[in-house]
Amino acid sequence: MHPCIPGDLRKSCKKVIRNEKSGWSIYIRFEDEKVESDKSYQCLLVPDPKTLPTTAQKEEVDPPAPVPVRQLRDHYAYAFSEFIALSSATLKVYKATCEGILGLYLNKYTADGCA
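In the numbering used here, the protein residues as written are 1 to 115.
None of these hints come from the bench; they were simulated from the model. Just so it is clear, CB atoms sit at the ideal spot from N, CA and C, and this is done for glycine as well. Do not take every clue at face value.
DEER-style ranges, computed between Cβ atoms [what the hints assert, rightly or not]:
1) Lys95 <-> Pro53: 21 to 27 Å
2) Cys98 <-> Val69: 33 to 39 Å
3) Ala96 <-> Pro63: 22 to 28 Å
4) Tyr78 <-> Glu99: 28 to 34 Å
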């Protein structure tokens with residue numbers, strides 16, 4: 001845990017982690033709302049994205065329908081459109097992953113300067 005987090009919050013979060021079932025992660029959210037003239041710190045339980053079912057597992061994805069191919073040119077056109085779709089989806093995933101890693105790094109970098 002980061003040194004800016006008070007000790008009582010560390011203890012309460014550790015208790016929550018031990019008491020919760022697997023499939024849940026603990027995230028800490030800091031709120032500046034005044035509660036009894038002190039900063040309120042809150043442990044927030046949210047589902048771990050690694051254990052949530054995917055859209056395919058929830059059957060929310062429509063499988064591609066087979067298209068009859070009459071000419072070789074049609075086959076090439078369909079193959080190229082599939083290539084473009086897969087490439088763009090892969091690039092979106094890579095971009096989101098890189099942005100997430102960079103965001104975590106920047107958050108850690110700015111959190112090191114806590115007062």
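Outcome of the hint check:
1. Lys95 <-> Pro53: 21 to 27 Å: Given about 24 Å between the Cβ atoms, the range holds.
2. Cys98 <-> Val69: 33 to 39 Å: Holds: the Cβ-Cβ distance is about 37 Å, inside 33 to 39 Å.
3. Ala96 <-> Pro63: 22 to 28 Å: 24 Å, holds
4. Tyr78 <-> Glu99: 28 to 34 Å: Between Tyr78 and Glu99, where Cβ atoms are some 32 Å apart, the hint holds.
Figure legend: structure checked against the earlier numbered hints; every hint is met.
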